[in-house]
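Colleague: Given the sequences, and given the hints that come with them, work out the whole structure.
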Amino acid sequence: MRRRTFSKILVPAIALALMATPAMAAKKKPVKIGLLYALSGLAAVYTKGTVIGHQIAAEEINAAGGVLGGRKIKFVTRDNKLKPGIAVKEFRRLVTRDKVDFVMGVISSGIALAVSQVAKEMKVLFVDTIAQTAALTGEQGHNYVIRTNTNSTVIGRTAALAASRQDWKKYYFIGPDYEWGHRVNADFWDFLRVKKQGVEKLGDLWPKLGERDYSAHITAMLNAKPDAVFSSLWGGDLIAFIKQASAYGFFDKIQYISTGGGDLDILKPLGKEMPDGVMATYLYAFDTSPVKQAENKKFIAEFKKRAGYIPKSGDIIGYVSTYMLAEAMNKAGSADSDAIVKAMRGSKFATILGDIEVRKIDGQATFAYHAGFTYTHPKYPFKRLKDVTRAEGLEVLRTDAEVEKARMEYKKKGS
Amino acid sequence: MVDFFTNVFFVQLVNGLFIAAGIYLVASGLSLVFGVLGILNFAHGSFYMYGAFFVFTYVGFTAGDFWPALFIAPMVVVILGVVMEVVFLRPIYKADPLYQLLLTYAMVLIFGDLVKILYGAENLSVARPEGFEGTVTIAGSLFPSYQIFVLLPAGFLTVLGLYLFLNRTNVGRTVRAATQDREMIGALGVNVRLLYTGVFAIGAFLGGLGGAVLAPMGALYPGMDFDVIIEVFLVVVLGGLGSMAGTALGALIYGELKSFGILWVPELESVFIYVLMAVVLVARPQGLLGKKVEGGH
Amino acid sequence: MATSQDSLQDTAGAVGKGQSAFRDPVLWGFLVALVLFFWTPELIIYMEWADFWIIFLTEAFIWSLFAVAFNLLMGYGGLISFGQAAYLGIGGYTAGLLLKYLVWMNFYVALVAAPIGGALAALVIGYFCIRRTHIYFAILTLAFGHIVYLIAFKWYDFTGGDNGLIGIPVPEWIKDPTFVSYYKFVLVICMVSIYLLWRIVNSPFGKTLTAIRENEVRADFVGINVQRHKLYAFMIAGAFSALAGALIMINERSVYPDLAHWTQSTQVLLMSLLGGVYTFFGPVVGAFLLLTMDADITQNYPEIWQLFLGGTLVLILFALPGGIVGFIQERDENAADDMATRMAKLMAQFSRKSWYFFGGAVSFTVFFSILQTPDSWWISEDWDFELLSLITWGILPRTILQLVVGAAILWWLLRGIQSFQAMHRWLLLAFTVLSLALHIYLETPLSGLLLVFLWAVYSFYCLFEPDTRQAFSGGIEVVKDAAQEAAE
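Protein chains in written order, with numbering that gives the first Met the number 0: chain A, 0 to 414; chain B, 0 to 296; chain C, 0 to 487.
By construction, these hints were calculated from the structure, which means they are not laboratory data. Check each hint, because a few of them may be wrong.
[Said to hold, decoys possible] List of simulated lysine to aspartate or glutamate pairs, DMTMM-like, C-alpha gap at most 25 Å:
{"no.": "1", "chain 1": "A", "residue 1": "Lys28", "chain 2": "C", "residue 2": "Glu442"}
{"no.": "2", "chain 1": "A", "residue 1": "Lys47", "chain 2": "C", "residue 2": "Glu302"}
{"no.": "3", "chain 1": "A", "residue 1": "Lys224", "chain 2": "B", "residue 2": "Glu255"}
{"no.": "4", "chain 1": "C", "residue 1": "Lys153", "chain 2": "B", "residue 2": "Glu255"}
{"no.": "5", "chain 1": "A", "residue 1": "Lys412", "chain 2": "B", "residue 2": "Glu266"}
{"no.": "6", "chain 1": "A", "residue 1": "Lys412", "chain 2": "A", "residue 2": "Glu394"}
{"no.": "7", "chain 1": "A", "residue 1": "Lys168", "chain 2": "A", "residue 2": "Asp226"}
{"no.": "8", "chain 1": "A", "residue 1": "Lys98", "chain 2": "C", "residue 2": "Asp23"}
{"no.": "9", "chain 1": "A", "residue 1": "Lys359", "chain 2": "A", "residue 2": "Glu138"}
{"no.": "10", "chain 1": "A", "residue 1": "Lys122", "chain 2": "C", "residue 2": "Asp175"}
{"no.": "11", "chain 1": "A", "residue 1": "Lys195", "chain 2": "A", "residue 2": "Glu394"}
{"no.": "12", "chain 1": "C", "residue 1": "Lys153", "chain 2": "B", "residue 2": "Glu266"}
{"no.": "13", "chain 1": "A", "residue 1": "Lys296", "chain 2": "A", "residue 2": "Asp354"}
{"no.": "14", "chain 1": "C", "residue 1": "Lys183", "chain 2": "A", "residue 2": "Asp226"}
{"no.": "15", "chain 1": "A", "residue 1": "Lys359", "chain 2": "A", "residue 2": "Glu394"}
{"no.": "16", "chain 1": "A", "residue 1": "Lys31", "chain 2": "C", "residue 2": "Glu302"}
{"no.": "17", "chain 1": "A", "residue 1": "Lys122", "chain 2": "C", "residue 2": "Glu41"}
{"no.": "18", "chain 1": "A", "residue 1": "Lys347", "chain 2": "A", "residue 2": "Asp286"}
{"no.": "19", "chain 1": "A", "residue 1": "Lys73", "chain 2": "C", "residue 2": "Glu442"}
{"no.": "20", "chain 1": "A", "residue 1": "Lys304", "chain 2": "C", "residue 2": "Glu302"}
[To be verified] Some chain A residues close to chain B (C-beta under 10 Å, calculated; not the full set):
{"no.": "21", "residue": "Thr46"}
{"no.": "22", "residue": "Leu201"}
{"no.": "23", "residue": "Trp205"}
{"no.": "24", "residue": "Pro206"}
{"no.": "25", "residue": "Lys207"}
{"no.": "26", "residue": "Ala239"}
In this text, a Cβ means the ideal position worked out from N, Cα and C, and glycines have one as well.
Modeller: Structure, rendered in C-alpha cells:
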C-alpha cells in the first residue's frame, strides 16, 4: 500500500518535471498518423512512392492551415520488413510509444490481415492503402478497418468483365503462391463463369514469389494451348515473366491477361519489351484515368520533382487517402478512431480519381478500375493502354449481401 | 500421342537446362570459394545482384551496348569482392568458421542497403541485346534465342573454363590442391594470402557474371540477392560443397526437377527440392560428389 | 576468447556440485530480478510510454528465452543451428492449431503442448543432424528449418498458408489493454525457464556437453556417449525455443510462417553473438540490445536499418568477438600471480575497458545526434537555445563537452582507482550512474542508454567483487606497493 502511494506521488512528479519543457514548447498538438510500410527489400519499389504521396498531401494540407482547426498532420513512418510479426509489433509501438491517432499502410495481404486483427483489439483505426485482399474488409472485416484502394475482387472482376466481352474459352492460370495470387485468380474465375457460359479452366500454376526462371511454366502453358492466360503476377516477377515469355513467342499464340500490368511499375522498365495487345489492368494511368485533371497535373509535377519519376497507382493512393482522412477528420471534428470511422463509413468523397464512397458495410472505397490493351504510343518510350473497359467500383464489388454471406461462411469455418 | 509426349518431354528437358545453366553460373563461384577458403559466402547473392545492376548502368551509359557489359560488370564486382576479402575476411581467417559466416551475412545487409542508396527503390530492367529478342526452332519446338545462344553457352563455357583452369594450369592445380588440404599448401611455399584473394576474386567474378548474364531475363530490384542465395546454397550443398563437378550436377538436378515438377505436380514443385536435399544430406552429408569430410561419418 | 571461457568455468564452478539450490546465489539473483521486474509495471504505469515499455519487455523476455535456449546449442554444445526458428514456428503452430481447431482445448494444455511438440520435432530432426559437425550441421539444420517453413507456408487448409492462423482464441485476461497481465505471465514463465536452463548448463550434463565441444574425440574416448548428449541438448533447446514460439503466438494472437523463416534464426544468432556466445547471460543482454537497436533504428530510419545492423555486426566480430558479456567477464589471469599482481592487472584492465565504454557511449551519442537532428551542428534547431539547458545545445558543443569534461573526470578517477584510493571508487561509481542520468536527460536512444547502463553494471561488478573490496579496504598498502612495482 505504501509503495503504491509512494509511486503515485513521486513518479508523476518526475515525469512531469521531465515532460514539462517539451509539453510547453509545443503549440498545438499535431495529428499523428502512423505509416506502416515495408520499406526494405523488394516491396520498397512500391512503398517509397506511396510515402512520398502521403507527404505531399500532408504538406499541402498543412500549408492550407492543417486539419481540425489548425492542427498539423505529422507522419511517423515505420518499416515492417514485409513480415506480419514485425508489422504487428510496429503497429503496437506506433500506438503506445508514438501515440499516433491512427495507422495507414500496408503492403502485402497477409500483413494487412495480421495488422487488422491488432487494430480491432486495440480499437485503433487501420486504413489499408496498398494491400488488396478482399478478405480484409469482407470476411475478416470489422469496425476499425477501412480501405482506400480497390480490392482483389474489383481487380479480378474488372478483368473478368473485360474478358467476357472477348471470345476466349479456354483459360490457364498463373499467380504468385500466396493469399493475393489465389484470391485474385479465384475472383476472376468466379465472376467470369457468371458472365460467360462455356468457359473452361485448363490448369493453374503457382510459382513462388521472387521466382527467377519461368521457362518451365511458360512451356507448360504453351503445351496446354489455352486461349488466354490469366496472371496475377506482379512487380519483378511479372517483368521477368513477360521478358521470358515473349522470347518464346508466347504472346503471339496466347492472349495474356495481367492484373496490375497496366501500371507504370511494369510498363516503364519493360519499355519496348512489353508486347502489344496484352490485356492489362490498372487503377491510375497518370494522364488518362483521373477525373480532376488540374489537380492531377499539379500532383504529378510535384511528385516528379521529389521522386524523379511519374507517379504509379500506389503513389497517388498515398496522396488521395491522406486527403480523404483529412476530410473525414474535419467532418468528425476529432482525430479519434471511433469518430473517424463513423464519419467515413457511408460517406462520399470527391477525389482526383473520381467521386467515390466508403461503403458502410465493409469500409471499402469504391474506386473505379480499368482493363485495357497495350499498344505502342508514338510519344512515350513505354506502352500505353487503349480500348479501356472502365468498371465503377460498385459494379464489380461484392454486394452487401455477398459480403454478409462470405462473413457467415467464414465464421462457420472458423469455429 | 507419343509424338506429343516426346515433344513436351524435350521442351521441358531443355528448359531444365536453362534453369540449370542460370543457377550454375551463380553457384559455381560460391562453390569454388568454399572449396578453397572454407567459407560459405552469404554475400555471394549480393555479387549476383551487383553484377546485374552494373550491367544496367553500363547499358544505360552506352545506350544499349550490351556485350562489353558481360565482362565489365563482373570486373567491377571483382573489385568489390577483393575489397571485402582483404579488408574484412582476411583478418578473421583464423577465427571460428561461424564468425566468417556471420561476417558475410553482415556484408549482405550492408550491400543490400547500399544498392538501394545507389539505384533507388525501383524495378529496373535490362533489354535483351539486339538480335536475341526472338525465338529459334529446334526439333520443331520454339526456344528463346537469348537462352539458347547466350545463357547455355555461358553456362557451358564456365563449366569448361573452370575445368581447364583447375586441371590444366599450374595455378589451377594449386587451387585444386588447396581444396584438398589447406594446411599443406602453405607448407609447400605457396603464397596462401594471394591464393585466397585470387580465388575470392574469381568467385566474385562468377557471381557477377551470373548476375550479368541473367539480367536481361528478369527484373532488377533490391532484394534479389536474398531471392537467389537460398537456391544457390541448395544447389551447391546438393552437389557437394567445394566440388565443381558436384555443383554442375546439383544445378542440373535442380533445373530438371523444377522443370518436370511443374509439369506433373505444380503445387509441390518447390518442396521437392528441399526434401531431396535433406535426403541427400542425411545419407551423404558431403553432397553427391563432395569429398569425404570430417564430421560426416 | 580463451580467457572468457575460463571465467565461465569459474562462475560455473561457484555453483558447485552438492550445494543445495537455496544456497545458490544465482537463484537469489533470479528471485530478486523476478520480483523487481514483476512490479515494474506498477512503477512505470504513470509514465507516458508505460504501455510501450511493457510490450517491449514482454518481447524482450520471450526473445531472451529463445536466445538462451539457442545458446545452449551454440555456446555450450558448439552446435551452430541455422534453423532454430523452426522450433519457434513449431511451438507457435502447435499451440495455435490446438487452440484454433479444438474448441474444448484448455489454454494451458496448449501451452504445455508446445514445448513437447518442439522436443519431439527436435528428436526427429536432431536424429539426422547431430552426427554432422560445423558447417554441415549448420546447413542441415537450415535445410530442415526451411522444410518446416515450407510446410507452414504451403499447407493452406491446415496452417492457413502464408496468412497463417489469425485471431487464435486466447483467454480474456491476456487481452488486457494495458498489456500488464500477459507481461507478468511471460515474465514468470521466461524467468523460470531460463533458471531451469541455468541448472541444466551447470549440471553434470552441461559439463559433459562443454567437454564434447572442447574435444569430441577425447570425450568419446573417456566413454561419453557423444551423440546422445548432443541429441538431448538439441531436444532441450528445441523444447524451450518452441515455448518461446508459443509465447510469441499468444502475444500476437496469430502465427505466421515467417516465425519459422531462417532469417529469424540469424536474429537469434546475432543476439547470442552480441551478448557473448560463451556466457550464459550473454544472449539475454544480446536480446535486449538487439531489440532496443531495432526500436531506435526502425522508428526513424527504416531505410538504413540493414546498413546499421550489418555495420554493428562487423564491429562486434572484429572488436568484441566474445560479445559484450564476454568482454565484461574477460580476465587477464595467471594462476601464479599473487594477490597484488592480480589486483594491479585487474585495475589496469578495468581502466582500459572503462575507456572503451566511454568511447563507445560518446560515438553512439554522436551517431544518433547526427541522425536525429542532422543540421543542428552548433545549436539545436528544435529548441530555443538556453545556456543552462544542455538539450538545447548543438551536436558539436555537446560532444566536445562530453569528450573533454567526461574524459578528464574519468582519467582522474581511473588514476585514483589504480592506486586504490577508496574515495575514487565511490566517485567512479557515482560517475557511471551520473552518465546514465545525463543520457536519460539528453534523450539518448534506448540502445545508447543500455550501453551506458552496462558500463555502470560493469563498474559495480568489478569494484564490488570480494577481492577488490578487500584491496580497497584491507590490504591497501601491500597492494599499492605492488601496483607501483608493476607499473614500473
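Colleague: The structure should be examined with respect to each hint, and the outcome stated for every one.
Modeller: Results for each hint:
1. Restraint check: the Cα-Cα separation between Lys28 (chain A) and Glu442 (chain C) comes to about 20 Å, which is no more than 25 Å; the hinted pair holds.
2. The straight-line distance between the Cα atoms of Lys47 (chain A) and Glu302 (chain C) is roughly 10 Å, inside the 25 Å bound, and the hint therefore holds.
3. For a cut-off of 25 Å, the pair hint linking Lys224 (chain A) to Glu255 (chain B) stands: about 22 Å separates their Cα positions.
4. Distance check on the hinted pair: Lys153 (chain C) and Glu255 (chain B) sit about 22 Å apart at the alpha-carbon level, within 25 Å; holds.
5. At most 25 Å may separate the alpha-carbon atoms for a hinted pair to count; Lys412 (chain A) and Glu266 (chain B) meet this at roughly 24 Å.
6. At most 25 Å may separate the alpha-carbon atoms for a hinted pair to count; Lys412 (chain A) and Glu394 (chain A) exceed this at roughly 28 Å.
7. Among the hinted pairs, Lys168 (chain A) with Asp226 (chain A) is consistent with the structure: their alpha-carbon atoms are about 6 Å apart, no more than 25 Å.
8. For the suggested pair Lys98 (chain A) and Asp23 (chain C), the alpha carbons sit about 44 Å apart, so the restraint of at most 25 Å is broken.
9. With a CA separation close to 15 Å, the supplied pair Lys359 (chain A) and Glu138 (chain A) stays within the 25 Å bound.
10. A C-alpha spacing of about 13 Å is found between Lys122 (chain A) and Asp175 (chain C), which places the hinted pair at or below 25 Å, so the restraint holds.
11. With a C-alpha separation of about 16 Å, the suggested pairing of Lys195 (chain A) with Glu394 (chain A) holds against the 25 Å cut-off.
12. Between the alpha carbons of Lys153 (chain C) and Glu266 (chain B) the distance comes to roughly 8 Å, so the proposed pair stays at or under 25 Å and holds.
13. Of the pairs offered as hints, the one joining Lys296 (chain A) and Asp354 (chain A) holds, with about 18 Å between alpha carbons and a cut-off of 25 Å not exceeded.
14. Distance restraint check for Lys183 (chain C) and Asp226 (chain A): the Cα-Cα separation of roughly 61 Å exceeds the 25 Å cut-off, and the hinted pair is therefore not satisfied.
15. Restraint check for Lys359 (chain A) and Glu394 (chain A): satisfied, since their Cα atoms lie roughly 16 Å apart, inside the 25 Å limit.
16. Simply put, Lys31 (chain A) and Glu302 (chain C) have alpha-carbon atoms about 21 Å apart, close enough for the 25 Å limit, and the pair holds.
17. For the proposed pair Lys122 (chain A) and Glu41 (chain C), the alpha carbon gap of about 24 Å is at most 25 Å, so the pair holds.
18. With a CA separation close to 24 Å, the supplied pair Lys347 (chain A) and Asp286 (chain A) stays within the 25 Å bound.
19. Under the criterion of a C-alpha separation no larger than 25 Å, the hint pairing Lys73 (chain A) with Glu442 (chain C) is consistent with the structure, at around 21 Å.
20. Our distance criterion of 25 Å between C-alpha atoms is met by Lys304 (chain A) and Glu302 (chain C), whose separation comes to about 20 Å.
21. Checking Thr46 (chain A) against chain B by beta carbon gives a least distance of about 8 Å; that is within 10 Å, so the hint holds.
22. Because the closest C-beta pair between Leu201 (chain A) and chain B is about 12 Å apart, greater than 10 Å, the hint is violated.
23. A distance limit of 10 Å between C-beta atoms decides the matter here; for Trp205 (chain A) the minimum to chain B is near 6 Å, and the interface restraint holds.
24. A distance limit of 10 Å between C-beta atoms decides the matter here; for Pro206 (chain A) the minimum to chain B is near 8 Å, and the interface restraint holds.
25. Among the interface hints, the one on Lys207 (chain A) holds; its C-beta lies about 5 Å from the nearest C-beta in chain B, closer than the 10 Å criterion.
26. For Ala239 (chain A), the interface hint holds, the least distance from its beta-carbon to any beta-carbon of chain B being 4 Å, beneath 10 Å.
Violation of the numbered hints given earlier is confined to hints 6, 8, 14, 22; the remaining hints are satisfied by the structure.
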